[in-house]
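In order, the protein sequences belong to chains C and R. Residue 1 is where the first sequence starts when you use my numbering, and the numbers rise one by one after that. Residue 1 is where the second sequence starts when you use my numbering, and the numbers rise one by one after that.
Calculated directly from the structure, the hints in this document are not laboratory data. As the structure is a computational prediction, the values presented were derived from the model and not from experiment. Please note that a few of the clues may not be correct.
What the hints assert, rightly or not - Distance condition first, Cα-Cα at most 30 Å in a straight line; then the derived BS3-like pairs of lysine-lysine:
| id | chain 1 | residue 1 | chain 2 | residue 2 |
| --- | --- | --- | --- | --- |
| 1 | C | K139 | R | K51 |
| 2 | C | K70 | C | K139 |
| 3 | C | K201 | R | K51 |
| 4 | R | K119 | C | K54 |
| 5 | C | K109 | R | K63 |
| 6 | R | K63 | C | K189 |
| 7 | R | K119 | C | K94 |
| 8 | C | K201 | C | K189 |
| 9 | C | K70 | C | K38 |
| 10 | C | K204 | R | K109 |
| 11 | C | K54 | R | K151 |
| 12 | C | K191 | C | K109 |
| 13 | C | K94 | R | K63 |
| 14 | C | K204 | R | K224 |
| 15 | R | K109 | C | K201 |
| 16 | C | K151 | C | K204 |
| 17 | R | K229 | R | K51 |
| 18 | R | K119 | C | K201 |
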Amino acid sequence: MKFLQKLPEQALRILVVFVILATGMLLVRQFVIPADMKDMTLIQTATMEREADKEAKYAGAAVCVQCHEKQQEIKRGGYHRDLSCESCHDAAQKHADSPTEVKPVSPRKRDYCVYCHSYNASRPTGFPQINPDTHNPRKPCITCHNPHNPKPTQPPRSCAACHAQIERTKAASYHAQLACTVCHTTPEKHKTEPRTVTPTKPDKREFCGKCHSEGKGAKGVPTVDMATHGEKYVCWQCHYPHMLGGI
Amino acid sequence: MDRRDFLRRLCLLIASTGMTGGMSAAAWARIIHKDYDASRHYYGMGIDVDKCIGCGRCMQACKTENAVPAPPFYFRTWVERYVIKTDRSVTVSTISTEGVQPTDGIVEKDMVRSFFVPKLCNQCAHPPCVQVCPVGATFTSDDGVVLVDTKRCIGCRYCIQACPYGVRYLHPVTRVADKCNFCYHRLVRGLLPACVEVCPTQARLFGDLKSVASPLGRFVRMNKVHVLKPYLNTDPKVYYANLDGEVN
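Can you make the complete structure from the sequences, with help from the hints?
Here is the structure:
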């Protein structure tokens, strides 16, 4: 208490004011501010709750099937089996909730199919790609392809249907004149079930030797000494088979 | 109000706040979301780069599902096209929601490799964005998803700066940080994130790492997987298969 008495009166007063303010604030924090503004667990739960309560716009493939067995049955065995209904019909939760009032969109025009099927060199080889400018232009795709099972009326004529990038690089290489099938024996079924039936690939040096070994080569075909050239390695370890003269 | 009355009310108030405040987050969530218990899940995503065809359906679906603004610089998820050319230069461009644009002047002859890489929030186990948030508005929930509290966020953009993957943006309408949260509202209902739902080639897979059987389990078992920027020790939960070394 001596210490307090020693303090000038102004300081003491200010001290008292501070103490009152501090207690006031503590009290406000304790009793007036609602708990869910202070407790991190509660705040976070409220956020989780808020996020969880948001409306889902895509219903999910399992829902559509409940009422549209027919489409599911058609789609199941076809090329589009991995596509979800809403990949094409857009978000359709509202339609699933009230089927007769809200109708989902159906992409009947060419531009939608082209999002996935136009040719682009970055797309993985094997994915069916077309050039929309030359592939039966102007007609809607669905006049020839059932969107739920887009089997072409005839198997693709050329390998470029699904290996366009390879076709294009090859076309600019020394082997431009060689058909794909010279090096890949391709069962016809590969064009309809590409992943189940795969073509052969050259597996021996001698394969290239048929045309390129010294003494055997036809006129105009460059030859090498098979015994020494490229040592033990297969030829395509150094010569990319679809892009000779490149790297 | 006499003194006795006042004291009684005070006691009641303390008791009631104590009760609600003391409940665990999980218990709270159970009450609100019927049978959803965050602590029983731990989500992750698998991306197979070799399967992506760059159709942009995921980007479009994400915008629709999460009301992400339309202009092409607001994304919760997006797909980058990489072209590694013979002169060793690398071009990276974000594709449009209408799929990859067919002409960009790069011809096959000049390409060494080219592919698409889908990107989204990595839901890091050690998220830098959570560390820097000055108001604790972003946090990891028990199921491993990093969420943003839109009411608490003050829009200071620290987290946008701190994210090494550039997945956050400032929402132009709400003026708070926004990013992918694996479509949290779909997860609690047992649905797939919208991007996974519409992916036509299963380049995107989703799964629960705490579940005994999930597509993600097979994905991480059968592939050599990689995460983005592993040297940052952020420990992402988006796993990439067949990822090229040029991708960062």
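Hints and how they fare:
Between the alpha carbons of C:K139 and R:K51 the distance comes to roughly 29 Å, so the proposed pair stays at or under 30 Å and holds. With a CA separation close to 26 Å, the supplied pair C:K70 and C:K139 stays within the 30 Å bound. For the suggested pair C:K201 and R:K51, the alpha carbons sit about 22 Å apart, so the restraint of at most 30 Å is met. Distance check on the hinted pair: R:K119 and C:K54 sit about 23 Å apart at the alpha-carbon level, within 30 Å; holds.
Pair hint C:K109 plus R:K63 holds up; C-alpha atoms about 22 Å apart against a cutoff of 30 Å. Between the alpha carbons of R:K63 and C:K189 the distance comes to roughly 40 Å, so the proposed pair goes past 30 Å and is violated. Of the supplied pair hints, the one linking R:K119 and C:K94 holds, its CA atoms being roughly 28 Å apart against a limit of 30 Å. For the given pair, C:K201 sits about 16 Å from C:K189 by alpha-carbon distance, which is consistent with the 30 Å threshold.
Taking the CA atoms of C:K70 and C:K38, the gap is near 54 Å; set against the 30 Å cutoff, the hint is violated. Only pairs whose Cα atoms come within 30 Å are accepted, and C:K204 paired with R:K109 is accepted, the gap being roughly 27 Å. For the proposed pair C:K54 and R:K151, the alpha carbon gap of about 15 Å is at most 30 Å, so the pair holds. Among the hinted pairs, C:K191 with C:K109 is consistent with the structure: their alpha-carbon atoms are about 26 Å apart, no more than 30 Å.
Under the criterion of a C-alpha separation no larger than 30 Å, the hint pairing C:K94 with R:K63 is consistent with the structure, at around 17 Å. A threshold of 30 Å between alpha carbons decides the hint, and for C:K204 with R:K224 the separation of about 29 Å falls inside it, so the pair holds. With a C-alpha separation of about 23 Å, the suggested pair R:K109 and C:K201 falls inside the 30 Å cut-off, and the hint holds. Taken as a hint, the C:K151 and C:K204 pair is broken in the structure, with Cα atoms around 36 Å apart against an allowance of 30 Å.
Taking the CA atoms of R:K229 and R:K51, the gap is near 22 Å; set against the 30 Å cutoff, the hint holds. Pair hint R:K119 plus C:K201 does not hold up; C-alpha atoms about 34 Å apart against a cutoff of 30 Å.
This entry does not satisfy hints 6, 9, 16, 18, going by the numbered hints stated previously.
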